[in-house]
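Enquirer: The whole structure should be built from the sequences, with the hints applied where relevant.
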Amino acid sequence: MIRLLLAVSAGLALAGAASAQNFQPANPECIAPAAPGGGFDLTCRVTSQQLNELGIVKPTIRTTNMPGGIGAVAYNNIQARRPNDPNVIIAVSTGSWVNLAQGKFGRFTENDVRWLGAIGADYGVLAVRKDSPYKTLQDFVDALKKDPGSVTIGAGGTVGSQDWMKPALVAKAAGVDPRKMRYLSYEGGGEALAALLGGTIQAVPGDASEVQGQLEAGEIRVLATFSEERLPGVFANVPTAKEQGYDVQWPIVRGFYAPPKITDEQYAYWVDALKKLNADPKWQKVRTDQGLFAYDLVGPDFDAFAKQRTDAFRKLAAEVGLKTTGN
Amino acid sequence: MEALSSLAFGFSVAFTPFNLALALAGAALGTAIGALPGIGPINAIVLLLPLCFSLKLPPESALILLAGIYYGSGYGGRISSILLNIPGDPGLVMTTLDGYPLARQGRGAAALALSGIGSFVGGTLTVLLLTFLAVPIARLAVAFGPAEYVALMVLAFALLSTMGQGRTAKTWAAICLGLLGAMIGIDGGSGVERFTFGSLEMLGGIDFTTLTIGLFAVSEILIVAEGMRSGAVTHLGSGDRLKIGELVRCLPAMLRATGIGFFLGVLPGTGAAVASALAYTAEKRVSNRNDTFGKGDMRGLAAPETADNAAQTASMVPMLALGIPGSGTTAVMLGALLMYSITPGPLLFTQRPEIAWGLIASMYIGNVMLLVLNLPLVGLFARLLLVPNWILFPGVLGLSFAGVYAATNSMFELLLTTGIGIAAYAMRKMGIPLIPMLIAFVLARLLEDNIRRALSISDGDPMALFSSPVAILFWLLAALTLLVPVLAPHLGRRIRTVSDSEGG
Chain D
1 MIRLLLAVSA GLALAGAASA QNFQPANPEC IAPAAPGGGF DLTCRVTSQQ LNELGIVKPT
61 IRTTNMPGGI GAVAYNNIQA RRPNDPNVII AVSTGSWVNL AQGKFGRFTE NDVRWLGAIG
121 ADYGVLAVRK DSPYKTLQDF VDALKKDPGS VTIGAGGTVG SQDWMKPALV AKAAGVDPRK
181 MRYLSYEGGG EALAALLGGT IQAVPGDASE VQGQLEAGEI RVLATFSEER LPGVFANVPT
241 AKEQGYDVQW PIVRGFYAPP KITDEQYAYW VDALKKLNAD PKWQKVRTDQ GLFAYDLVGP
301 DFDAFAKQRT DAFRKLAAEV GLKTTGN
Chain A
1001 MEALSSLAFG FSVAFTPFNL ALALAGAALG TAIGALPGIG PINAIVLLLP LCFSLKLPPE
1061 SALILLAGIY YGSGYGGRIS SILLNIPGDP GLVMTTLDGY PLARQGRGAA ALALSGIGSF
1121 VGGTLTVLLL TFLAVPIARL AVAFGPAEYV ALMVLAFALL STMGQGRTAK TWAAICLGLL
1181 GAMIGIDGGS GVERFTFGSL EMLGGIDFTT LTIGLFAVSE ILIVAEGMRS GAVTHLGSGD
1241 RLKIGELVRC LPAMLRATGI GFFLGVLPGT GAAVASALAY TAEKRVSNRN DTFGKGDMRG
1301 LAAPETADNA AQTASMVPML ALGIPGSGTT AVMLGALLMY SITPGPLLFT QRPEIAWGLI
1361 ASMYIGNVML LVLNLPLVGL FARLLLVPNW ILFPGVLGLS FAGVYAATNS MFELLLTTGI
1421 GIAAYAMRKM GIPLIPMLIA FVLARLLEDN IRRALSISDG DPMALFSSPV AILFWLLAAL
1481 TLLVPVLAPH LGRRIRTVSD SEGG
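Taken in sequence, the protein lines are chains D and A.
Here the first sequence is numbered in this note's numbering, starting from 1 and rising by one per residue.
Here the second sequence is numbered in this note's numbering, starting from 1001 and rising by one per residue.
Treat the hints with care, as some may be off.
Restraint-style ranges between C-beta atoms, simulated for each label pair [as the list claims (entries may be wrong)]:
id	chain 1	residue 1	chain 2	residue 2	range
1	D	P281	A	R1194	45 to 51 Å
2	D	R81	A	R1104	39 to 45 Å
3	D	K285	A	R1428	54 to 60 Å
4	D	K146	A	S1190	23 to 29 Å
Result set (BS3-like, lysine-lysine): computed pairs, CA atoms no more than 25 Å apart in a straight line [said to hold, decoys possible]:
id	chain 1	residue 1	chain 2	residue 2
5	A	K1056	A	K1170
6	A	K1056	D	K282
7	A	K1056	D	K276
8	D	K307	D	K276
9	D	K145	D	K242
10	D	K285	A	K1056
11	D	K242	D	K135
12	D	K180	D	K145
13	D	K315	D	K180
14	D	K58	A	K1295
In short, the hints are calculated from the structure, not lab data.
Even glycine gets a Cβ: it sits at the ideal position worked out from N, Cα and C.
Expert: And the structure:
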């Protein structure tokens, strides 16, 4: 054990020397802007544990939960109380950008934090029960076109959330008014899946990792993945929406941001840490086991991506008739 | 038979000395954590998750430890519910109703022993049902649609409204306050903000812990402080231990409560709060002949305790059989599985039997362990009340606030807790009962979400709410619950004699 520690710290010293970094976080913290047990919580806990175990970040990273407003409370807390704290990173996902675009984060915008990088992505899927009459995405779209009220869709998010956006984009591409969709919101994806299995709803626009267990067991059929290319593993035989003529993609990117006023050196430290993490084969295995797919985008590229996505969501929300922020 | 051999395999996993020690450690730790007001099972499990990883526990051992904490915190939570009138989690709210009066009568140790036995009965019977019927029951539970949930919630509210005898208007006022309180925050269906007054802290609504601590801990301390000044609060001698006769008299209540707890616990999303509330109110309907409920009736303590544990255990059914969390705590446990790179789902039983069956076997062991661990200690716990009030209550308040802060990391929540406490003090002075308010708060979300779901499926046609036989049954029961107390005096003595001869 001690030998291992020595080896790790020696390796770390070398790595540190190579990138000539002086900043070392003290008592680092990862904020999961949600209650324990959800996606943000897992992102923080798994990532911090791996960053420590692989020796990328030396001091133990503790995870704290700051629930409220799907990330809004944490976003505002950072702005108000800790704008220059270099020892904290905060978990973020595509869902946060959707809310940011709809003005649910208060007066702050996507330009008010420093986006660090992604550690992986999940992808949206459209799932139906194994005995559903819908065999392909086209069947689902045909039913929507014939009578949008005939297909009851349900998922964990509210109207306007990313779970709602996925079928809304399909509907829009097919010329159906998304607001005519019959959409039920549940407390989390698990309850929506229960309602699907029980026959209350007919389709769940969930996430790949969420439905994987049910797909393996043959309880559900996945009509399409909202990814650019086919997903590996149990999803290998599921065509993408694009293959079926509807160019809808919905990656759920998971990553981190840092407070707005940290120095460039501090920013570089965390970006570098995430870069090393994404490159480590051990992390890649853990990531796959979590149901996450590779999404290597860190530093300025991720920053640009976050801003571009938020802006796209703003336009999208306006198009499908939701409230947005003014700018 | 297959279940039996699988269970035997499960015991072979759980009976290794290491896993047994973990189950014991979990149970003991859970009891200690649960006894601290404000730290419910969810927080306890989350606090210990990182420990499981740093100790490099195999997943089945981690799950056994976490399950031990889950049960243990339920056992620990009743200590503060019974002795201090401060429920630690939603399922223990009803425990205070008869548990606290028992403690005030000096029978704290007896109440603790009874609640421990009740929990054991509820937990063990439910694990038995789970062992043999998990998969078919889970299939039935997911078929429970929005219309059935709505009718069930209406029944729950009807029963709740009958809780305050002779104070019907005040009870309804409390229920309405609870419903209103639950509306604060982002609306789950549409994403619209309600009653937040532009405050970001209010976006997530009022946290259950914050509300409970405010309603019970803070207001209790204000009442005690007032009583100390006027000399109304005195020390208690220790009364009789639990007698066998009392226990036997509670058995029918425990069996009824197990049934209710199991049924409600299996349904995804309902949870232990609904189960214990329904078990208490139903038991009161059945057994409250001499108007002893709420004044320290043993059956009024046994019923919610048994139902709470039955429901907690039953919420594992959808998790194990279908990979769908049945409650907040099981959601965290599923999250723990995910951290171990195990995909929870219907295949868990076949792909990782050591996890599924090891956990089930550990539930049997955990229940026995908790009973053995807790029964000898009830006298010790009850001595808590011998601590001078001027130390005890400030200490409890400090721990409560620490608990709220640990869960939310927010100063705002502490202020909110204090504000709620002062309001609750005023309510108690006016004779408005707090428990219907808290239960209504917990149920409101279920009621509202399901009404909305049912009506959006039917395109706004309210007849959908009466569409299934199960739903109609619940509606009828609700109507009876509301109408019988109103009509009974008019029908006169006849009904009373009939029901007495039937029940006797």
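Enquirer: Going back to the hint list, which numbers does this structure go against?
Expert: Structure breaks hints 5 and 14.
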